[in-house]
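Count along the sequence shown from 1, then add 15; that gives the number in the numbering used here.
Worth double-checking, as some hints may not be accurate.
Result set (SDA-like, lysine to any residue): computed pairs, CA atoms no more than 20 Å apart in a straight line [as the list claims (entries may be wrong)]:
{"no.": "1", "residue 1": "23", "residue 2": "59"}
{"no.": "2", "residue 1": "27", "residue 2": "59"}
{"no.": "3", "residue 1": "23", "residue 2": "53"}
{"no.": "4", "residue 1": "67", "residue 2": "40"}
{"no.": "5", "residue 1": "30", "residue 2": "58"}
{"no.": "6", "residue 1": "25", "residue 2": "43"}
{"no.": "7", "residue 1": "25", "residue 2": "51"}
{"no.": "8", "residue 1": "23", "residue 2": "88"}
{"no.": "9", "residue 1": "23", "residue 2": "67"}
{"no.": "10", "residue 1": "33", "residue 2": "70"}
{"no.": "11", "residue 1": "18", "residue 2": "51"}
{"no.": "12", "residue 1": "33", "residue 2": "17"}
{"no.": "13", "residue 1": "23", "residue 2": "48"}
{"no.": "14", "residue 1": "18", "residue 2": "52"}
{"no.": "15", "residue 1": "30", "residue 2": "65"}
{"no.": "16", "residue 1": "67", "residue 2": "88"}
{"no.": "17", "residue 1": "23", "residue 2": "35"}
{"no.": "18", "residue 1": "23", "residue 2": "34"}
{"no.": "19", "residue 1": "25", "residue 2": "52"}
{"no.": "20", "residue 1": "18", "residue 2": "58"}
{"no.": "21", "residue 1": "33", "residue 2": "52"}
{"no.": "22", "residue 1": "33", "residue 2": "53"}
{"no.": "23", "residue 1": "33", "residue 2": "73"}
{"no.": "24", "residue 1": "27", "residue 2": "56"}
{"no.": "25", "residue 1": "18", "residue 2": "53"}
{"no.": "26", "residue 1": "23", "residue 2": "58"}
{"no.": "27", "residue 1": "27", "residue 2": "52"}
{"no.": "28", "residue 1": "67", "residue 2": "55"}
{"no.": "29", "residue 1": "18", "residue 2": "66"}
{"no.": "30", "residue 1": "27", "residue 2": "58"}
{"no.": "31", "residue 1": "27", "residue 2": "44"}
Since the hints were derived computationally from the structure, they do not count as laboratory data.
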Amino acid sequence: MMKTQQEKLKLKIVKIIKRSGLPVRTQYLTERVRLPEHVVMNDLLTEMVAEKRLSRSYTLLSNGDPDCTYDVIV
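Please build the complete structure, drawing on both the sequences and the hints.
As structure tokens, then:
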């Protein structure tokens, strides 16, 4: 994927998280962002955490399964 396409996806993810007003799960983002076939959402989110655009918090769901949420670093 070209750098500009990847940057547009990252900006779209940040916009969705900001609009929600709360930290969001990967599932929430996957439902709202259409990714090209060769792009994996978790890889993109991990890259954004490494770039300090997002923060990642780990949590337990009500059924006991572990999950993580992402929030925008201001």
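Structure-based check of all given hints:
1. 23 / 59: This hinted pair holds, its Cα atoms lying about 12 Å apart.
2. 27 / 59: holds, 12 Å
3. 23 / 53: Holds: residue 23 and residue 53 sit about 16 Å apart, inside 20 Å.
4. 67 / 40: holds, 17 Å
5. 30 / 58: holds, 18 Å
6. 25 / 43: OK: residue 25 and residue 43 at ~15 Å, within 20 Å.
7. 25 / 51: holds, 13 Å
8. 23 / 88: Holds: residue 23 and residue 88 sit about 18 Å apart, inside 20 Å.
9. 23 / 67: This hinted pair holds, its Cα atoms lying about 17 Å apart.
10. 33 / 70: holds, 13 Å
11. 18 / 51: holds, 13 Å
12. 33 / 17: violated, 25 Å
13. 23 / 48: holds, 11 Å
14. 18 / 52: OK: residue 18 and residue 52 at ~16 Å, within 20 Å.
15. 30 / 65: holds, 18 Å
16. 67 / 88: holds, 7 Å
17. 23 / 35: Satisfied, since the Cα-Cα distance of roughly 18 Å is no more than 20 Å.
18. 23 / 34: It holds: about 16 Å lies between the C-alpha atoms, which stays within 20 Å.
19. 25 / 52: holds, 16 Å
20. 18 / 58: OK: residue 18 and residue 58 at ~15 Å, within 20 Å.
21. 33 / 52: Judged against 20 Å, a Cα distance of about 25 Å means the pair is violated.
22. 33 / 53: violated, 26 Å
23. 33 / 73: Judged against 20 Å, a Cα distance of about 19 Å means the pair holds.
24. 27 / 56: holds, 13 Å
25. 18 / 53: holds, 14 Å
26. 23 / 58: holds, 15 Å
27. 27 / 52: holds, 17 Å
28. 67 / 55: holds, 19 Å
29. 18 / 66: Holds: residue 18 and residue 66 sit about 15 Å apart, inside 20 Å.
30. 27 / 58: Holds. Residue 27 to residue 58 sits at ~15 Å (cutoff 20 Å).
31. 27 / 44: Holds. Residue 27 to residue 44 sits at ~10 Å (cutoff 20 Å).
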